[in-house]
Amino acid sequence: MLVVLPDGSSREIPATANGEAVLRSIDATGSLGVVAVVVGGRIQDLSAPIAGEKVELVAASSERGREVLRHSTAHVMAQAVLALWPGTKFAIGPAVADGFYYDFRLPGGERFNEEDLARIEEKMREIVASDQPFEREEHSIKEGLALFADQPYKLEIIQGVRAQGETEDESEGVSVTGVSAYRNSEGFVDLCRGPHVPSTARLGAFKLMRVAGAYWRGDEKRDQLQRVYGTAWESQEALEDYLHRLEEAEKRDHRKLGADLDLFHFPPEIGGGLPVFHPKGALVRHLMEDFSMRSHLANGYQLAWTPHIAKSTLYETSGHLGWYKDNMYPPMEMEGATYYPKPMNCPMHILIYRSHQRSYRELPMRLFEFGTVYRFERSGVLHGLARVRGLTQDDSHIFVAPSQLAAELARLLGFVIAMLRAFGLSDFEAELATRPEKSVGAAEDWEVATDALEHALKVSGIPYVWAEGEGAFYAPKIDVHLRDAIGRRWQVSTLQVDLQLPQLFDLEFVDADNQRRRPYMVHRALFGSVERFFAILLEHYAGALPTWLSPTQVAIAPVKEANEGYADQVAVRLRALGARVAMAPSNEPLGARIRRLKMEKIPYVLVVGDRDLAAGTVGVNSRGADRPETDVALDVFVARLSAELAPSPLEVPLD
RNA sequence: GCCGGUGUGGCGCAGCUGGUAGCGCAGGCGACUUGUAAUCGUCAGGUCGUGGGUUCGAGUCCCACCACCGGCUCCA
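Numbering (my numbering) for the first sequence: 145 to 799.
Since the hints were made in silico from the structure, they are not lab data. Don't take each hint at face value.
Below, simulated EDC-like cross-link-like pairs (lysine to aspartate or glutamate); rule was C-alpha separation at most 16 angstroms, straight line [as the list claims (entries may be wrong)]: (1) K351 x E259; (2) K742 x D770; (3) K351 x D406; (4) K742 x E265; (5) K424 x D404.
Let the sequences and hints guide you as you build the complete structure.
In structure tokens, the structure reads:
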């Protein structure tokens, strides 16, 4: 039989019974760290019989191997919790990105607190030290029900498969024919598909991270369980690396950078989710918006401007009051009318379209506005600038003739990607979200819209996946996600094809044949919201924004007081280029000034002294460089800086 | 909204079992005039998230609320 080693090499050995036997013959010392094998595309226990000619060894340090040991660690955690709190009901405990969790209901509705984590962890270490094997058992459904008679969540999982006629609930080890379970010593049994590491002794590099509430089956109307999150790795070093990465990610946290760089804050006096932007932060916003605005104007958009509140009747017509009342700020009564702060800009843009009769010659009509909207987000979901209650959308509504839809979407997606690239982002993925259960409209309309979106994605060439049932209630959509500098995924742009609002507002245009027809409408936010996009940029760049977006682009530090005149001359020269220049006067030591300015993440810190005055040079400290360049001719620096002062124009595909 | 946690001067922190708040940085002032990541001195600043309560006495205990952090749910 053929054995594929973790490093990808392979070798031929005589057929053997199971993974353990394979290891005995080729890795007697265990140096490969194999925790499971893959046979016929299925991952299985080392002890399971091998039915096949090819066996892949799965190392603990591989992604699949980590999944196995995280899952096993979750089991050990459940065992520990059941030992410490007899009578606990346990639900599910999967491996997740970087770790695992397990959901429990403690007897008497008791809840975990942070001290409990230490107790559980201690118990887990005992279980690991006692080297308990994970032994797989196969049972009939009936036996399974008996085995977990006192575990309601397990019973529900087993019964769910039978009742709903699902083929199987694979992740939990239940199929139509039977259930699988794993048993450790001490009598702990868990319903589980496996595979597991052979014994608890293979675990150890783990840490319990936090406790949280989580609804059973993700349904907030059902029990709220106590979820314990942990992380587990193949070695202590890997665990420490991970904890270190978490620390590094914390340094990029836009909420921290926002405070450190004096960009914005959230005054409690104003209210949760309502930021104020300080001068530097407001400047960055302005630069983002200004570039976006100019790019839109250069690409066939027209501006719109609309108020912040509107009568309830508008949102009755649009359907927002029917669908999203709970997330709208409450109404205000004035002169017998009821007004709401706007949660979306679309109804108002529609009114602009409808202000007079439209000809096919005007289409596509692209309206663009930085529209500030208010949404009453539930208190637990607020998250810095990434999730706020008052936000500004870079919002556009495009009205097209049905025949123009596909081409317009392709053009639009090209524009979106070009804009994101201009901000230095390059790693995109899209989701094509289809009709949800709760939705309105005719099936054929949804089909037309979904096809057009898919066409646009194909033309754009960005990778995409289908998100079935994830669309808005009125429209299918493309959500563009991006990966930042450390690989995290963020949702940004959204493109939605809306066939409902044109109908609800009875929109029309006069076509070339003099017939009145209904336009299609495309909703599109590109940044998503200015606030959220600001947050993403801060985290992506770890606060070191590109020169064109930096509040201060150049700081000049004269070596001593006598050099301030020359420093001023340099500043005048740079400001003439349009650069934002700050002066760092000589009343503290040069080293201290450089340190402060570098911590402010200013792209260039120039040092000018007697030598520079005599030679017409500057000392250049580029952000990110570990040593300064001295005696750089001012002309040379000016040429370099000029190239970075403004964003590059959008590279949009031709129409 | 739900679960767990946190809330001390602008920022980062200390304050044990309840006895009327302390440090560093930042800030003001003064001196130093400096060639590449923290010059020295000095001054000022908080009533301890907010409101109740227990107590002779509360930053320290209890209750409610607010905000924030980590999750769950949600995200038109």
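Structure-based check of each hint:
1. For the suggested pair K351 and E259, the alpha carbons sit about 14 angstroms apart, so the restraint of at most 16 angstroms is met.
2. Restraint check: the Cα-Cα separation between K742 and D770 comes to about 11 angstroms, which is no more than 16 angstroms; the hinted pair holds.
3. For the given pair, K351 sits about 35 angstroms from D406 by alpha-carbon distance, which is inconsistent with the 16 angstroms threshold.
4. Pair hint K742 plus E265 does not hold up; C-alpha atoms about 42 angstroms apart against a cutoff of 16 angstroms.
5. For the hint pairing K424 with D404, the CA-to-CA distance comes to about 12 angstroms; that is within 16 angstroms, so the pair holds.
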